[in-house]
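Protein chains: 4
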Amino acid sequence: MSNYAGRTKTSVGTYVGQEGPVKTDNPIPTPKAEAPDVLRCASMELVVTDLEKSRQFYVDVLDLVVTEEDENTVYLRSMEEFIHHNLILRKGDTAAVAAFSYRVRAPEDLDKAVAFYTELGCRVERNKDGFVKGVGDSVRVEDPLGFPYEFFYEVDHVERLAWRYDLYSPGALVRLDHFNQVTPDVPRAARYMQDLGFRVTEDIQDENGTVYAAWMRRKPTVHDTAMTGGDGPRMHHVAFATHEKHNILAICDKLGSLRMSDAIERGPGRHGVSNAFYLYLRDPDGHRVEIYTQDYYTGDPDNPVVTWDVHDNQRRDWWGTPVVPSWYTDASLVLDLDGNVKEVVARTDDSEMAVTIGADGFSYTRAEEGEDSMPEYKKGEYKLGNQL
Amino acid sequence: MSNYAGRTKTSVGTYVGQEGPVKTDNPIPTPKAEAPDVLRCASMELVVTDLEKSRQFYVDVLDLVVTEEDENTVYLRSMEEFIHHNLILRKGDTAAVAAFSYRVRAPEDLDKAVAFYTELGCRVERNKDGFVKGVGDSVRVEDPLGFPYEFFYEVDHVERLAWRYDLYSPGALVRLDHFNQVTPDVPRAARYMQDLGFRVTEDIQDENGTVYAAWMRRKPTVHDTAMTGGDGPRMHHVAFATHEKHNILAICDKLGSLRMSDAIERGPGRHGVSNAFYLYLRDPDGHRVEIYTQDYYTGDPDNPVVTWDVHDNQRRDWWGTPVVPSWYTDASLVLDLDGNVKEVVARTDDSEMAVTIGADGFSYTRAEEGEDSMPEYKKGEYKLGNQL
Amino acid sequence: MSNYAGRTKTSVGTYVGQEGPVKTDNPIPTPKAEAPDVLRCASMELVVTDLEKSRQFYVDVLDLVVTEEDENTVYLRSMEEFIHHNLILRKGDTAAVAAFSYRVRAPEDLDKAVAFYTELGCRVERNKDGFVKGVGDSVRVEDPLGFPYEFFYEVDHVERLAWRYDLYSPGALVRLDHFNQVTPDVPRAARYMQDLGFRVTEDIQDENGTVYAAWMRRKPTVHDTAMTGGDGPRMHHVAFATHEKHNILAICDKLGSLRMSDAIERGPGRHGVSNAFYLYLRDPDGHRVEIYTQDYYTGDPDNPVVTWDVHDNQRRDWWGTPVVPSWYTDASLVLDLDGNVKEVVARTDDSEMAVTIGADGFSYTRAEEGEDSMPEYKKGEYKLGNQL
Amino acid sequence: MSNYAGRTKTSVGTYVGQEGPVKTDNPIPTPKAEAPDVLRCASMELVVTDLEKSRQFYVDVLDLVVTEEDENTVYLRSMEEFIHHNLILRKGDTAAVAAFSYRVRAPEDLDKAVAFYTELGCRVERNKDGFVKGVGDSVRVEDPLGFPYEFFYEVDHVERLAWRYDLYSPGALVRLDHFNQVTPDVPRAARYMQDLGFRVTEDIQDENGTVYAAWMRRKPTVHDTAMTGGDGPRMHHVAFATHEKHNILAICDKLGSLRMSDAIERGPGRHGVSNAFYLYLRDPDGHRVEIYTQDYYTGDPDNPVVTWDVHDNQRRDWWGTPVVPSWYTDASLVLDLDGNVKEVVARTDDSEMAVTIGADGFSYTRAEEGEDSMPEYKKGEYKLGNQL
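Protein chains in written order, with the UniProt record's numbering: chain V, 1 to 388; chain X, 1 to 388; chain P, 1 to 388; chain G, 1 to 388.
Don't read these hints as lab results, they were simulated from the structure. The reader is advised that the hints may include incorrect statements.
[To be verified] DSBU-like, lysine-lysine: derived pairs with alpha carbons at most 35 angstroms apart:
1) V:LYS128 - V:LYS53
2) P:LYS9 - X:LYS128
3) P:LYS32 - X:LYS32
4) X:LYS32 - P:LYS112
5) V:LYS128 - V:LYS91
6) X:LYS133 - P:LYS9
[Said to hold, decoys possible] A few chain V residues facing chain X, derived, Cβ under 10 angstroms:
7) THR8
8) LYS9
9) VAL12
10) VAL16
11) HIS246
12) LEU249
13) CYS252
14) GLY256
15) ARG259
16) ASP262
17) ARG270
18) THR321
19) VAL324
20) MET374
Think of the CB as a built atom: it goes at the ideal place given N, C-alpha and C, for glycine as much as any other residue.
The whole structure should be built from the sequences, with the hints applied where relevant.
Right, here's the structure in full:
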């Protein structure tokens, strides 16, 4: 992550180069302790205010599989998952995220997690019996960015339902794909995530080197989590994968039939960043869920990092479809380890919305033509002017 | 086409009933002459101002097949077509539509067309050698609504390339599906089209019986043409079909790669009306092209007519995606038989845009909740207020 | 339908030409009475020996919609249908077909059907109240080929579930597409169907003019029924359409999950004839059901008739996948109007199986290379030799 | 890999358990030297006898991208690849495989590869300039099973064409997915691959513990290579991935249009093992190429190993489609480091073909019903009897 210097311009207008240490004026110190070996994003714990309504959304509409449930909690998984859950719905008074949970490679990585975050001065809790059902020995921390991160290795195995096509719905969700977090200072966040062993795959910058978002991975996809610049700590979205694009369209069709089309916030569309096909939904509490398919393999150590110009109108949607303002502004609160809402700190860097569709911002379809290459017929949407 | 009286409400909130004579205060008299037996919409002749640029759009981007071409004209067809062409690009000074061309069942139907339109007092021209290459004996008229309609039977056969998968691109267009025309008085237009032998399949009305649009067919699909209320006569769009939904997504993807995403005006999405999957593009002259797939069989004489409430936010897009204002306001001019632009007459009935997203209009996702069921995060788009 | 004389060879090796009267040495006399105006194949009545098992197959596995049922009968329809049913399962002792049911354009067409078949000397029954639930005034005949044909216009309307995506399964069947009948003398059968108003769209012949099969339509698809040469009268299959190819694959996947993969007889694959994507299943009684998608528009009167060489190995499967022998040999019995099984008469013309994969038969992938162009690795399957 | 003891039977009839050391009577000694850290299968070098014909197959038909070529060699890559090539076609007298090439994590891994294979007593060659264009420092070995393995880290980067949808064909190949090798003793081979750091994901066994095939991975998919029991060392196939299933169908359609359907050996179908959708082609030299899509994530260390019963007819094809005998018997020769063909050693364990479809073998669709649950209509294919 850096500005465009030393980068190669591709035939589609992006810049590729090799990952280096992220430049930041305000770094979180790199711990001497070794980072835990994170395998993948594994689960999110969501606090929901109306459990029945949320269950209906995730189970009856999105067809996630119930592994286990009681009156306060529903444990859900995707069709190809073999661990106990990928999503927990827990009843509570305030809609928020209680944990971003990562699986680590071995039990010993929990000790590393404790050491790593303790050295960072973070609050660290360890529970040999797990904080939730289905999971054993676990570590929860309030990380330097204010997010409740969980790490675990021990977990109950359940049947991987990949071959149970009699249970698939037209929009079947097959994997948890990634998290997306909102944080005020993206380079600071990305640098810390590098220390935690994550690799940057793509980012969005401007010509001054301001970084608006960065995508980072452990498993060899485009991301296990992304850092989106904004007031934070907040959770931007949690994403599940389908096999094919028509599965995502089927979810939209079904929402229409259920007269729940207002749950569709943005998309479906093709991302520029990640090259994946996407859809953003809002659950009954407003938690944002992405449905996502077909990004690319990123597992080589020299995997080219792709940098997108913030003014490139195809960065967020390859087809140039406008991003709705709420997608930039709304996000879910997160909880500290006592279950209290973390205070949100404002972003001071430029906002992506302001520099692209705000009164003084601009975007282009073709860089050489500048803002003149924005579609006339979408101008209202592309130029918010004084509206916001 | 009528208001909701005598209609059955369906489980998805539409109304179905049987087609009757369209009620209009200002009917075009029904000719005593028998109408020609129209088979299907067959071709559109477009005047384009930069032939090379338009050829690039339709041939290099959309992969239509060139049957024949010269320096002023390009004759194009879709992959499954066996007649000479479905689209003609003709070089001219003013972008416009020169002909909406229908194929009739037999040579005798041309005599019927002459008698039908002569009785209507229309200008009628017949050319035994055809007005364009590939087509023989033809009749062109300026119809009562001001549109240049063509009727023909004789046509050169060319190879149907349906089995030439080596020539298919990811977004292959396989059939011309329909036209869409803008006209100020929809019931007047629909009643005349019924006289011409067309059947209504769906329409959009409000509770006062104002009709905003009507879909009409000869072949047993949802339409061969539709009448959209607005200032006219103008051409709203011409539509080509693909086999599957992913073909339409592939066209978007390709436009992104070519940095032509500004050609995408609306969609892709799922229509409420017609239940088809759709995309709207604008060609280099602004002519609107729809890509369309998967409507339903309508060939039974008692095929239920579906009426949509104009305030139902899922009527135009089943997923509730806002319709961009340009889609309501922009359309192509049409030519008279001398090649002069037809004067455009303003609509006096309510405009769909005004009653749905205008300052005093409203839309809903769930009828019983009214406007409160419109997604908060799309409000800017859904409520244009004083913007327009 | 004729031999190749006067036909044009296409770039993919088929022959196209115009439909003429079918040549036959043994014609059924053309009635002077006008034929009824058939709209489309509308329903099949199947006798099944274990109603519960059959219901499970068509409802739980194939997800057809139950319109109505009682202890002896289940009335089923597809997702886009608005008439009462497309398939009737009726409990009985012998698995057979009780009716191939066509919808006609108007009530008067029933009088025409009576006159047409009476003149042909056929047994004709009319029931003002219908022979089955949901259908009114109907005519049933034992047609000249021995098949139980039904004609009706009056029918109960039910909700077209096209927009009910919450009810769609991954393999949703959206339309009844066609029937396929086995009869010993194909030209004789096809000529009679022409008299009934059907048009030939494709056929399979050899260089001697022997006709192995013919496809015929009323609605503008490749067929409402096809005549397949073999011992008859028997029912070869009934076909339902899906929207897309992946829907057909989903049915296979589901059958695998239910450990019912033995219900898959042939396919999935791409037909040469019709260009459609297909799958053949066998229901619990062995009745063959095709799942079918994406043939082409055939509604023009001069629609080119496609003739395939019986030795062209891509005629039945465009990918050259061998046809399993049972597909050639097995078919369902049909009933007369008293419910007795019709006697089966042997075909005397060459059998398609014998001339293509039998001991003395041959097939080719490339005509100019002859049998040498058959894949070595499939030889066992392609050359049955003395096996059968 | 073991027999079913200690394994859990799943709801679809497979057995899952944890990977353990593979039991073998005839192990290759585990080296004390550390194994190189293999990232992924990266490229195969194929010797082809008619370069022009092979180029036509891989470039014009399969649409792989030419990175570089000269009169003797063509370097090809898939749409999402950023390294120089995934497939090399090299002109030669004998069709064979010259290298199975793996990318390693770091330059130091080449030293480890040298030590590892030297300790195993294998012939090892290192070339600082690479053995082929685009690749730097490389190690080639004749491995203990007789296969020519290559390891490299240094490689030229080329543009990842993932976003170049203008270059995608309907059947676009996006990634190299895996190799498949034929070797007489599968447990011996699998044990050695475990030593090389590979993990077993699935296997096929019988009730006696005979192992017929095993799938092994480094990247977290079902495999980077598989070991198939048979006369070896030979190369069974090399596999490329598409995004979706329809892409694979499009390849079949295109081969039909080119009158090259004889290149289709088996499929398309759904694998039981891997759950992927597949197609097997044979190139002009008979080298087998699989097209493959949608297996599942396997990256957790306790990823459940799936064991299939060799008699389960859905193991190789979930839909029960018979495997053609050539698929079991044919494979490509491999070369030693001097370019000479490696001698092929016969398998002495039971052959999968013999125990499943041979005279004394058997398969089932439903275990509890045994061979009676095999489809009657496919019996000819399922029971080869004395034919082979």
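These are the hints, each one checked on the structure:
no.	hint	result
1	V:LYS128 - V:LYS53	32 angstroms, holds
2	P:LYS9 - X:LYS128	30 angstroms, holds
3	P:LYS32 - X:LYS32	31 angstroms, holds
4	X:LYS32 - P:LYS112	28 angstroms, holds
5	V:LYS128 - V:LYS91	24 angstroms, holds
6	X:LYS133 - P:LYS9	24 angstroms, holds
7	THR8	18 angstroms, violated
8	LYS9	13 angstroms, violated
9	VAL12	6 angstroms, holds
10	VAL16	16 angstroms, violated
11	HIS246	6 angstroms, holds
12	LEU249	6 angstroms, holds
13	CYS252	4 angstroms, holds
14	GLY256	4 angstroms, holds
15	ARG259	5 angstroms, holds
16	ASP262	4 angstroms, holds
17	ARG270	6 angstroms, holds
18	THR321	7 angstroms, holds
19	VAL324	6 angstroms, holds
20	MET374	7 angstroms, holds
Hint violations for this structure: numbers 7, 8, 10, all remaining hints satisfied.
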